[in-house]
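Chains as they are written, first to last, in this note's numbering: chain A, 1 to 373; chain B, 374 to 709.
Treat the hints with care, as some may be off.
[Claimed, not checked] 30 Å max Cα-Cα, derived BS3-like pairs, lysine-lysine:
hint, chain 1, residue 1, chain 2, residue 2
1, A, K121, A, K68
2, B, K585, A, K104
3, B, K418, A, K144
[Said to hold, decoys possible] Simulated restraints on C-beta separations:
hint, chain 1, residue 1, chain 2, residue 2, range
4, B, S432, A, M93, 31 to 41 Å
5, B, Y565, A, E19, 49 to 59 Å
6, A, M93, B, Q664, 23 to 33 Å
7, A, L141, B, V608, 45 to 55 Å
8, B, Q664, A, G64, 49 to 59 Å
9, B, V462, A, L141, 30 to 40 Å
10, A, K115, B, S391, 40 to 50 Å
Source of the hints: derived by calculation from the structure; they are not laboratory data. The beta carbon of each residue, even a glycine, is placed where N, CA and C say it ideally should be.
Below, each chain spelled out in residue letters.
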Amino acid sequence: MNIDLIRVPYLGVNDDSCEMVNWYVENNDGVEEGQVIGTVETTKAAIDVNSNKDGYIYLCVEEGAELKENDIIAVLSESMIDESEIKKILDDMEKSNKNEEEIKVTKKAELLAKKNNINLKELTAFAKGNKVNEKTVITFLERKNSADFSRGFCDVERIAIIGGVAGGGALIVIDSILHCNNQQAVVIFDQNEAYHGKSILGVPVAGNIEMLDEYLEEGKVDSVVIAFNKNLQERAKVYQELTDKGVKFTNVIDVSSNLRSKVVIGKGNVILGDVYIGACSRIGNNNFISSNVCLEHGNILESHCAFGPGVITSGNVKINDKVRFGTGIFIEPNVEIGKDSIISSGAILRESVEAGTVVRVSYNQEYSSRKQK
Amino acid sequence: MKTYLASLNNAMHEIMDSFENVVVIGEDIRDPYGGAFKVTKGLSKKYPNRVLNTPISESSIVGIGTGLALQGYRPIVEIMFGDFITLAVDQVLNSAAKFGLMYGDNVNVPLIIRTPMGGGRGYGPTHSQSIEKMFFGMPGVKVISPSLAHEPGGLLKDSIINEDQVIIFVEYKNIYNNKLMLEGDGGSLHRYEVVDDKDNKVIYVDNFLECKPDIIIITYGGLSADVLRIMSDLVEEEINVRAIFPSTISEMITPDTLMPLVPVEHGIIVAETGAGNYGWGAEVMASLFEQGFVKDNSKVRRLSSQENIIPASQAMEKEVLLGYEDIMSTIMELMS
């Protein structure tokens, strides 16, 4: 059956709507191409409606009906049809139009999906043919996150280690991270090319620090920590430069360390095995604290300091920036150590130390070989 | 169902019926023509002595209206196109608006100047402008512009009953034949009236129930057609839009009115049909900032038509005038 639709013609710039004022034909009338079959009237003009080819006419609206531009007003058929079929033809057409127009994903759902990096195909499959709305996306996200988590699809913090290969700093930092359940060392950058291409406890030494940018850009690394601890000027400089660039520093805190009540810790610190930090002590940024260091209660440790193993401070000690400690050092209560100082191994500090001081210990200790009988 | 035009025309009939001192003056307003947009249709048949056709003489029309108002009449004058009101600005600014204050409030000038603004009909550069901003900040002049969510005839009647000053009554020609929202054309939209905002009838419309708006659009007049259509189209898309339509555009909506309508997290669009520079939108935006309604600068947009003359070609006119597409894409931009 060959069917054409006759619609309200273009009404001009003044009007969007019109009234069906006259029909000049009736149902089942034969009409010729170009024949005037009716008139619609706008606020300014009466406009004729013509048949667009030869056929039989069936009217869809009555005289007096209010119409919009492009509304269907009549059906033109090549052959005579039963009037009762007209409604069915129009209904079918409306239905098929509706199916095409039906929204499968609401705009809000689409935007929410985009924000959460969800593929729309995944969503429509999840909705099983139903419309995807905001609620669908939220449910999908909840289910997905919970399912992913139970399978272990979840993120851990990926850390880049800077320097410390030669001195072993990188090793002990990585060792601590290996024992931590939400951090992972993923790469080491070291300036000594001899180590490039090797691995420490499974973590590759990728190259120079200049490669860090590439890792950050590609999203392979979340944060960094500095593992070298001899040259504290350099340690402070690298920390400052990377922080200024917006690189995130993280703390590596060994699981066996013991941080007591209300300890405050900045960023970029390394706190290794069995370190004890007493209640209400404050730690700045970028310090390297080796194993078995004990900083008692109320200590203030500023930034960029390095400790050998077994440094023990009593209460309320203050340590300023860039102080380097040897190993096995005891410090009395309320002592303040000025910045840029060096405290040699075995020292016992009973008084405060000014900035830039080197504390040396004169050993009175002999080494002689045992005579075998 | 009542259109913007029918509401105005009915109100004109009712006003002339109720108030014998109302006279209507303008060009081509008598029957059978009944005015360029038919707002005065049928009036001269019923009240032949109170509907006066004039020559093309906008300054005189407003001048005569001013004189009649001083003499106790309530004249309603029509400027056929808003663009022509420039010829009557002197009469408004230096006479009608000032007499009350100059003569110690012993006289007043209750004059209503009706005029259609806006484009969208391909009428070209001198019949399509929205230049009501000329009257903003003019002491003694109140500018009223009904939207499709208002009842324009009601606002006209209120102006006759309540006002004793100069009213510039700005009708929007692109919506004369649109159906009013209060007559049920809203579909899935919900219309609310703010009861008490001084003499400003603020209407707000939501395309949602029982949740918060994502986007708030503040606009007036002819853009209400585009905004309401956008809101209907976005119901299915789950994007919650609240439109706020003031009726008085020469005064800001009070903070007390806005407070409950503008919650904290949302985008705000302020839209006007006129060219935007130094316009209504700038003033609304400034008051939103001053009153602390803007919490996030990146979430506010001021939309207006281009700073350009308005072409007669409808396709090119569409490029210049603010409309459905621009507002819709701004909503999407704010949402993403």
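Starting from K121 (chain A), check that the Cα of K68 (chain A) is at most 30 Å away, please. Distance of about 38 Å is beyond 30 Å: violated.
Could one say that the CB atoms of Y565 (chain B) and E19 (chain A) fall in the range 49 to 59 Å? At roughly 32 Å between Cβ atoms, E19 (chain A) and Y565 (chain B) fall outside 49 to 59 Å, so the hint is violated.
Is the hinted pair K585 (chain B) and K104 (chain A) satisfied, with a Cα-Cα distance of at most 30 Å? Holds, at roughly 24 Å.
Is it true that the C-beta distance of V462 (chain B) to L141 (chain A) lies inside 30 to 40 Å, as the hint says? Roughly 59 Å apart at Cβ, these two residues miss the hinted range, so it is violated.
Is it true that the C-beta distance of Q664 (chain B) to G64 (chain A) lies inside 49 to 59 Å, as the hint says? holds (51 Å)
Starting from K418 (chain B), check that the Cα of K144 (chain A) is at most 30 Å away, please. Roughly 73 Å separates the two Cα atoms, so the pair is violated.
Starting from the hint 40 to 50 Å, judge whether the C-beta atoms of K115 (chain A) and S391 (chain B) obey it. Distance hint for K115 (chain A), S391 (chain B) is violated at roughly 58 Å.
Whether the CB-CB distance between L141 (chain A) and V608 (chain B) falls inside 45 to 55 Å: Given about 24 Å between the Cβ atoms, the range is violated.
Evaluate the given range 31 to 41 Å for the C-beta pair formed by S432 (chain B) and M93 (chain A). Violated - the Cβ-Cβ distance for S432 (chain B) and M93 (chain A), about 57 Å, lies outside 31 to 41 Å.
M93 (chain A) and Q664 (chain B), beta-carbon distance inside 23 to 33 Å? At 52 Å between Cβs, range violated.
The structure is inconsistent with the numbered hints 1, 3, 4, 5, 6, 7, 9, 10, although it conforms to all the rest.
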